[in-house]
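With the sequences and hints as input, model every part of the structure.
There are 2 protein chains.
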Amino acid sequence: MEFDHAGIATAEFDDLAALYETVFDAPVVHEEEFEGLRVGFCELGGGYFELLEPLGDDGPIADYIDRQGSGLHHVALRTDDVAGALARAKEADLALIDEEPRPGAWGHDVAFVHPDSTGGVLVEFVEH
Amino acid sequence: MEFDHAGIATAEFDDLAALYETVFDAPVVHEEEFEGLRVGFCELGGGYFELLEPLGDDGPIADYIDRQGSGLHHVALRTDDVAGALARAKEADLALIDEEPRPGAWGHDVAFVHPDSTGGVLVEFVEH
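Protein chains in written order, with the working numbering: chain A, 1257 to 1384; chain B, 1257 to 1384.
No wet-lab data here; the hints were simulated from the structure.
Check the hints yourself; a few may be wrong.
[Unchecked claim] Now the stretches of chain B that chain A is said to cover, found in silico as 3 or more residues with beta-carbon under 8 Å:
1. 1277-1289
2. 1292-1300
3. 1321-1330
4. 1333-1346
[Unchecked claim] Using C-beta positions, here's what the derived DEER-type ranges look like:
5. Asp1349/B <-> Leu1352/A: 40 to 48 Å
6. Glu1288/B <-> Glu1347/A: 27 to 35 Å
7. Leu1352/A <-> Gln1324/B: 19 to 27 Å
8. Gly1340/A <-> Glu1347/B: 43 to 51 Å
9. Ala1267/B <-> Glu1268/A: 29 to 37 Å
10. Arg1323/B <-> Glu1277/A: 26 to 34 Å
11. Arg1358/A <-> Pro1316/B: 30 to 38 Å
12. Asp1337/B <-> His1370/A: 35 to 43 Å
13. Gly1302/B <-> Gly1363/A: 17 to 25 Å
14. Ala1267/B <-> Glu1347/A: 20 to 28 Å
15. Asp1313/A <-> Glu1288/B: 44 to 52 Å
These numbers come from a predicted model, not from an experiment.
Note that CB positions come from ideal geometry on N, CA and C, so glycine has one too.
Okay, structure coming up:
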């Protein structure tokens, strides 16, 4: 496994995308609307910042911003076997948000592990 | 620049280190005491989880845990020129926590940018 991206909940996609390109050399290389979000991937070395802007008032990212403001929402780890990573997490008694891989943004397979069982960190497994 | 690590504030270093090794294939490859913290680097692909456990009741990591519990504290971007990265951040009107590189854990040079100017994300520049 390796780091794939840090997911950032934001209400200011355009400003943040411009800033990350200018200051971190991380231009947006892919953008789409996905499950009520504007999602952008800012490429940085072999990984990404993933910008997540709610298109409406509902959903987990809008709730997150309401609760604690913009900021670091999750960390995604790249694997070539999301199902295997989930099986290992389950065997270690981690609480799974997704019992099986599901389609994520950019056509990737993803699955999330609950932060209560990973030291408060929302972890995503992602397979390109 | 590329991702170097995700910094995790935790009160349970040993449990988390064991878990990250088992579930994420991320063993501790370096550990030290630094500025009132037990700091551990769990290697993951080309990057790390950095575990930060307060050794006392004071300091920014202890305050963070008191305020919001264990979790994602910062993201570190690797560069071969922290001073240059800081200069570029300053030019883009970002608020700097460190005006100049300073010694960090593991003998690295580091500098932090204030989350207020990066979408709520505490960003560290790190030079190995």
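Structure-based check of each hint:
no. : hint                                : in the structure
1   : 1277-1289                           : holds (count 5)
2   : 1292-1300                           : violated (count 1)
3   : 1321-1330                           : holds (count 6)
4   : 1333-1346                           : holds (count 5)
5   : Asp1349/B <-> Leu1352/A: 40 to 48 Å : holds, 42 Å
6   : Glu1288/B <-> Glu1347/A: 27 to 35 Å : holds, 31 Å
7   : Leu1352/A <-> Gln1324/B: 19 to 27 Å : holds, 23 Å
8   : Gly1340/A <-> Glu1347/B: 43 to 51 Å : holds, 45 Å
9   : Ala1267/B <-> Glu1268/A: 29 to 37 Å : holds, 33 Å
10  : Arg1323/B <-> Glu1277/A: 26 to 34 Å : holds, 31 Å
11  : Arg1358/A <-> Pro1316/B: 30 to 38 Å : holds, 37 Å
12  : Asp1337/B <-> His1370/A: 35 to 43 Å : holds, 39 Å
13  : Gly1302/B <-> Gly1363/A: 17 to 25 Å : holds, 24 Å
14  : Ala1267/B <-> Glu1347/A: 20 to 28 Å : holds, 25 Å
15  : Asp1313/A <-> Glu1288/B: 44 to 52 Å : holds, 46 Å
Going down the numbered hints, you'll see the structure goes against just number 2.
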